[in-house]
Amino acid sequence: MNIHKFRSYLLEDYFSMNVLKDTIKIENYTEVGHFDNNKIIIKYIDGEVTIKGKNLIISKLMNDSILIKGTIQNIELR
Amino acid sequence: MKNSFIYRFKNKTKLIIRGKNIERFVRRLIKNKIEIIDLKQIKYNEISIIVYTKDIEKIEKIKTIYEIEIKRNYGLNRIYELIKINKYLILFILFGIFLIYLLSNIIFDVEVVHNDSYIRKFLKEELKKYNIDKYKLKKDYKTKEKIKKDLLNKYKDKLEWIEIEEKGTKYIIRVEERIINKTNEKNINRNIIAKKNGIIISIDAKDGVIVKNKNDYVKKGDIIIDGNIYLNEEIKKSVSATGTVYAEVWYVVNIEIPYHYKEIKLTKNKQKVYTIKFLNKYYDLFNMKKYKTKIIKNNYLIKNNLLPLSFIEQKQYETIEIDEIYTKEKVVEKAIEQSKQKLLKKLKEDSEILNYRILDEKSDKEKLKLKIFFSVKEDITDYQKIEELKTE
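Top to bottom, those sequences are chains A and B.
First residue of the first sequence? That's 1 in the numbering used here, and the numbers climb one at a time after it.
First residue of the second sequence? That's 79 in the numbering used here, and the numbers climb one at a time after it.
Check the hints yourself; a few may be wrong.
To be verified - Label pairs and their in silico Cβ distance ranges:
id : chain 1 : residue 1 : chain 2 : residue 2 : range
1  : B       : Glu147    : A       : Asn37     : 19 to 29 Å
2  : B       : Ile140    : A       : Lys39     : 17 to 27 Å
3  : B       : Lys132    : A       : Asn37     : 26 to 36 Å
None of these hints come from the bench; they were simulated from the model.
Note that beta-carbon positions come from the ideal geometry of N, C-alpha and C, so glycine has one too.
The shape of chain B in the complex, shown without the other chains (with noise of 0.2 Å):
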């Protein structure tokens, strides 16, 4: 049949015909040069056919003594006739759909990540400026770095750094406090105390009066060096206490080891590639460097909410995985190793460990438990306002 793809939309009818000497009526229908699509015989004096529906005037015109009946349409009249019995249907399920694709670009959510709520609660009105708030629509990733920018410009003193991520219809706020060290204050008068509890090793003193000896134990707050001079038991002179004490400080630090060590370590290799995401696979485009392992970092160029597809500009960075099984020996070493590590961590660079010692252990089939004590020589220098004293 030529051009068989037109002729699937062309209007068509199934009629029913009934008659005495139905092959008039066909004969009828040939002379009459109307075209036959299909023609099946019912019974002796019942046939179907389908004829073009333009063709359907001619045929009532010359039906006569025979029986008509419009069976059904085909073609882009049955395709209306389907959407008008089913509108109600067609227009709900595009309504949903509509619905879906809105709520899903809503926020329902706003999350500031800060332990001071003071943060918190200045980010969230900041934001609400930016249109970042409940039942607000969703920003793209431009937007999201240009309120970012702004962000940090305009508040350079109290901000760091701020991350905006989303998460469904959740947006959480991420924020570094900018911390600025106050310069000494030297106009003010005050005392140095000790800032943790410890054994003094040296007191360096440039002003005030040292109270405390070495090998002397003090306790948290206790005054070290005096910025008030007394005579005859009478404060002469206040002044403003400077010097640095070390002191020998304890901690005790808990730490649990694996038997069965698995480490991620990062080569120096990197590279940039261009992917396809589709359902939860990942594609690459023009990778001829395919790494066994490594770590992704995905920035989404074209992301759709309602397609589960997206185009990513990938950072890939190649990894070595470390798979061992240590003796407990080794396990032990590596328990204080990595203790001594943590522990200098949250100290100043200053400090430094004098001694450690195994308070207790334990062990099981798959890990070993450790309590070490440390002693560790730190600066424990803190300062205390004159007039606080004065007010207590």
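Isolated chain A (complex conformation) (with noise of 0.2 Å):
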């Protein structure tokens, strides 16, 4: 267990989402679910977050993390 999380700690693996203004960063998602000016569906290996708004675009698309920038209305964990 103590490893797993040393593991953890140097790797840092783990989901992340900042909610900035008009900005999101989201780190160690999976995949992208789905994509357009209004709405961005970021799943994760625990689940999946929406993000709707307007004129929405993707500034930063890495393997590991994701920027996402506009007017953010809302946000759904799942």
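Could you fit the two chains together into a complex? Lean on the hints.
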């Protein structure tokens, strides 16, 4: 257990989401489920997050992180 | 962002994508797992994206109707591009730096400081053998020391001391000649003559005939003890005249002494300190005893002609500064004392000042100028070969 936590601490492989003004940064996602100007669905190991708003764009898309910009109206976690 | 330092050097490209329904293209990129480092919407049908350069091939395959324009590169590719564009500039800058370094390490002039032209010529020729000549490379400190030692050893009878000073791209060689005093050549017939003008005080003759008397005024070159022995106005014999003649010789000394006297005196304290010199500033290393005033002698251990940085072994001598304003009487006293010392330094050890008199005195706000007359008892013995006379 301790080794697992230590490994997790080093590799930073847990899902995280930072919500800032007109920006959401998500780390350690698995898939982009859906993407358009008004809705983006991001899947991760334990579920998915739905972001609703206006003029949404994926500003950065890396293997382990994604940056979404635009007017954010709603965030749903499932 | 993980590994952000390495990320900076990764090859990336900025692309401009144009076409209808641009979101479809972005979805295609996501579906094909192409990383997007940055995405900006320029117009409704135009976006700019930054992707890794290795993914451009993939993007070309999936672009279909969309227009792709490569705007610029980032990362190492960009650095190569810049070097390629500016290659001549970079080359010439490097060449310039190399040229400056080379030229500053070349000797452009060699000057030998000495009165005798023979010594100057001879030393210049000798230094050429050690490659100290115009348009040759400069030598380091160790090599210069070796050259000095070699020359002094080779010409023990000619050279007393030699110093090679480097001033920019010029080498200044200072030399002191060795003067060997000739021993008495008793076998050579000679007269004793006066070295200077003066009034004879005493004559001590061992060989030869005394032709002048005490209190006689003699001029330079006058015979005082004749080496020729005469009988009935004929030269019967010639000898090597031997003796010593003392005379009263006159000197006039001009001296200036300022009223404001400043002197720097050495104390007995000295120390060795290691210092770093950067531009014109010195930074002492581990110096616990800092002197308030000092004289320093620098020995450069590491010196670089390109960088203004050097490592020096410094010999520091502690000093005391004397700063006083004298009265006129004190200045006159000092002037007389200094003139006496100045005069005696130039004369032999057995010379003696008999009398002095101040001839002229001029004073302004800052200094006092004096003209002092001295009469000195001095050895004026000089020699003249008798053969020289016959040839005249």
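Status of the hints after comparison with the structure:
1. Checked against the hint of 19 to 29 Å, the C-beta distance between Glu147(B) and Asn37(A) comes to roughly 23 Å, which is consistent with it.
2. In this structure the hint that Ile140(B) and Lys39(A) lie 17 to 27 Å apart at CB holds, the actual value being about 23 Å.
3. At about 29 Å, the beta-carbon gap between Lys132(B) and Asn37(A) stays in the expected band of 26 to 36 Å.
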